Amino acid sequence: MHPAGLAAAGTPRQRKWPSKRRTPVSQPGMADPHQLFDDTSSAQSRGYGAQRAPSGLGYPAPSASPQAAFLADPVSNMAMAYGSSLAAQGKELVDKNIDRFVPVTKLKYYFAVDTMYVGKKLGLLFFPYLHQDWEVQYQQDTPVAPRFDINAPDLYIPAMAFITYVLVAGLALGTQDRFSPDLLGLQASSALAWLTLEVLAILLSLYLVTVNTDLTTIDLVAFLGYKYVGMIGGVLMGLLFGKIGYYLVLGWCCVSIFVFMIRTLRLKILAEAAAEGVPVRGARNQLRMYLTMAVAAAQPLLMYWLTFHLVR
Amino acid sequence: MAFTLYLLLQAALLCVNTITVLHEERFLKNIGWGADQGIGGFGEEPGIKSQLMNLIRSVRTVMRVPLIIINSIAIVLLLLFG
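Chains A and S, in that order, give the protein sequences. Just so we're aligned: 159 in UniProt numbering is position 159 of the first sequence, and the numbers increase by one with no gaps anywhere. Just so we're aligned: 26 in UniProt numbering is position 26 of the second sequence, and the numbers increase by one with no gaps anywhere.
So that you can see chain A by itself, here it is in the shape it has in the complex (with noise of 0.2 Å):
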């Protein structure tokens, strides 16, 4: 699955550059690694178009029929097909300009996941110390889509692991009794606020610290919102075994994240010499491994913050 990966540990000091120009991952199980979801569209034209033939042949000839009658009168009829064009312009303007404010088409690399890789992404959240290789795959300079990838961050773990936080949380609150409705909404909205202070923090020291990364805001939420999973874990084994379960899952999850942060990172933030492991000495190397270090620091914190008050 990672025949480059394999050819670069044989020359690792060569690591650093051709690393982004890996031979393309192009395997006959590919339909198009350009593409990052399966083209459905010609099966449902198809069956679109099967559907609308009939149906159209059926129009003139029940014209006797008032239903039918008021929809043959010509002047509705323009009524009609104005209106279609008009909502087709309107979907058409809508579409242009959405792009400007939500960034929908790097959205939705995040989202190019399948079961796979979510499986594998978990067990590498839970258990990340024989992950050998953890460099993003690049393909003519875009980096690959998850679900080719397992080094590659998304969105759809973080995003239903929140609402799975939020859905234990109001499960942890109920089975104590502590439970009304508007407490999961401010469950939710604690938790988002604690993400947006450490996007912010972070992206303030990263500034401040002038390193030059492709680190994006998308993808340090990405990685900021991996936390959630252990937090799950945490929270359920306290609801199944008391607090020393929750101690005890936490405490692993904890640690797990923390060097999954810290291998993923390295790569990020620290320059390319030091992420092959050698130490680098001068004072912006070590400044940008204890940004890191922070940064991996402050997750199991956040974890535990944001989950003890559920397991009494």
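Quick caveat, the hints were computed from the structure, so don't treat them as lab data. Worth double-checking, as some hints may not be accurate.
[To be verified] Here are the in silico distance ranges between beta carbons for each label pair:
{"no.": "1", "chain 1": "S", "residue 1": "Ile73", "chain 2": "A", "residue 2": "Ile163", "range": "25 to 35 Å"}
{"no.": "2", "chain 1": "A", "residue 1": "Val94", "chain 2": "S", "residue 2": "Ile19", "range": "36 to 46 Å"}
{"no.": "3", "chain 1": "A", "residue 1": "Ile163", "chain 2": "S", "residue 2": "Ile19", "range": "32 to 42 Å"}
Given the structure is predicted, the values throughout are model-derived calculations rather than measurements. Glycine is no exception: its CB is placed at the ideal position from the N, C-alpha and C atoms.
Given chain A, work out where chain S should sit, using these hints.
Structure of chain S alone, referenced to chain A:
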């Protein structure tokens, strides 16, 4: 721990107000953080202090007018809804 998004917005507004209020001549120059005191040589990597000074100067320049509007809205909302 009711740390809501609204609280975050309020805190952010107060922080930006704080940065904007720092007076260039009376205060920043006296502690060596003026806008013209941080220009290092070209080709040198800017340290944290000069990045901070740049940040303060750009926040003050960019956010002056929008902050007037946002502060007015916040004052009216707080007066009406407490």
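Hint-by-hint comparison with the structure:
1. Between S/Ile73 and A/Ile163, the C-beta spacing of about 32 Å keeps the proposed range 25 to 35 Å intact.
2. The hinted range of 36 to 46 Å is satisfied by A/Val94 and S/Ile19, whose Cβ atoms lie roughly 37 Å apart.
3. With their beta carbons about 35 Å apart, A/Ile163 and S/Ile19 fall inside the hinted range of 32 to 42 Å.
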